[in-house]
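**Q** Build the full structure now, drawing on both the sequences and the hints.
The primary structure of each chain is shown beneath.
Number of protein chains: 2
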Amino acid sequence: MRARDLVTPFPSVTLDTPVYEAARLLSAQRLPGLIVLDAHGLPLSILPGTQVLRLAVPDYCQEDPALARVVDEEHADRFLRSLAGRTVREALPRQARELPITDPDATVLELAALMARTHSPLVAVVDGARLVGAVTLQALMDWAVST
Amino acid sequence: MRARDLVTPFPSVTLDTPVYEAARLLSAQRLPGLIVLDAHGLPLSILPGTQVLRLAVPDYCQEDPALARVVDEEHADRFLRSLAGRTVREALPRQARELPITDPDATVLELAALMARTHSPLVAVVDGARLVGAVTLQALMDWAVST
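Residue numbers (this note's numbering), protein chains in the order written: chain A, 1 to 147; chain B, 148 to 294.
Pair by pair, the computed Cβ-Cβ distance ranges are:
1) A:96 with B:205: 22 to 28 Å
2) B:237 with A:5: 25 to 31 Å
3) B:165 with A:42: 39 to 45 Å
4) A:97 with B:165: 30 to 36 Å
Where chain A lies over chain B, by a calculated footprint (3+ residues, C-beta under 8 Å):
5) 169-182
6) 260-273
Computed footprint of chain B on chain A, listed as stretches where at least three residues anywhere in the stretch have a Cβ under 8 Å from a Cβ of chain B:
7) 16-24
8) 134-141
Worth flagging that the hints you see were computed from the coordinates, not collected in a lab. The C-beta atom is built at its ideal place from N, Cα and C for all residues, glycine as well.
**A** Below you can see the structure in the form of structure tokens.
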């Protein structure tokens, strides 16, 4: 079993996609994350859903949970709905890190190692200069427990 | 909006649950992770799906992707199906870390900050000495983009 057998088409966004639109895509299609493409149509980053959410959280609340507690319910609601106006560019991690990207020949072991190491529930599959799609944790787990 | 409004019952496992059974639960119910309970029925850990997968990956492949590449397809397949015989105990992270656990009064901002900080797509909700369930990233995202 190789990446080419488990890969499925996967929606992508660009740096200029509004975060609100990205969040709607995650919600409506129940995606574990998003593939962010560069101007050449190749994966620039893989964005887990938790990191899209991060944009709605002020820095001081991310660092100190006690500070999130002092914000009242009304304002907390408003923060979470404040994703409008921002773009995916702002949701990217500040530091470069290993990206879960592989090629169609990758074995299930390579896919699992990549997901485990990068804590990513999806791996983008690139064939030469073309994005084929993604293998999700769900697809890999389904295969692993199938008889 | 508070945790009590977004929480749903969530399956749990114990340290002695076979990993294979945990993987089947993740697969069949399309869960983003698992809640591991202690002997008192309280959350001991929250285990993202990627970390359950980690158990099937030999250490040398986790550290060096090039080494995963040299394992042929047949053996790679076998590794992934080798989850049988291990228990959830072995899947827990070696180092203690902040757990995504909160109480029913938590606001959506606290939930989002917890998910973003711990990179966890689920937060366990505990009321006193009782596990109520979990708020998933999906539920929070659905709420954030609802009109």
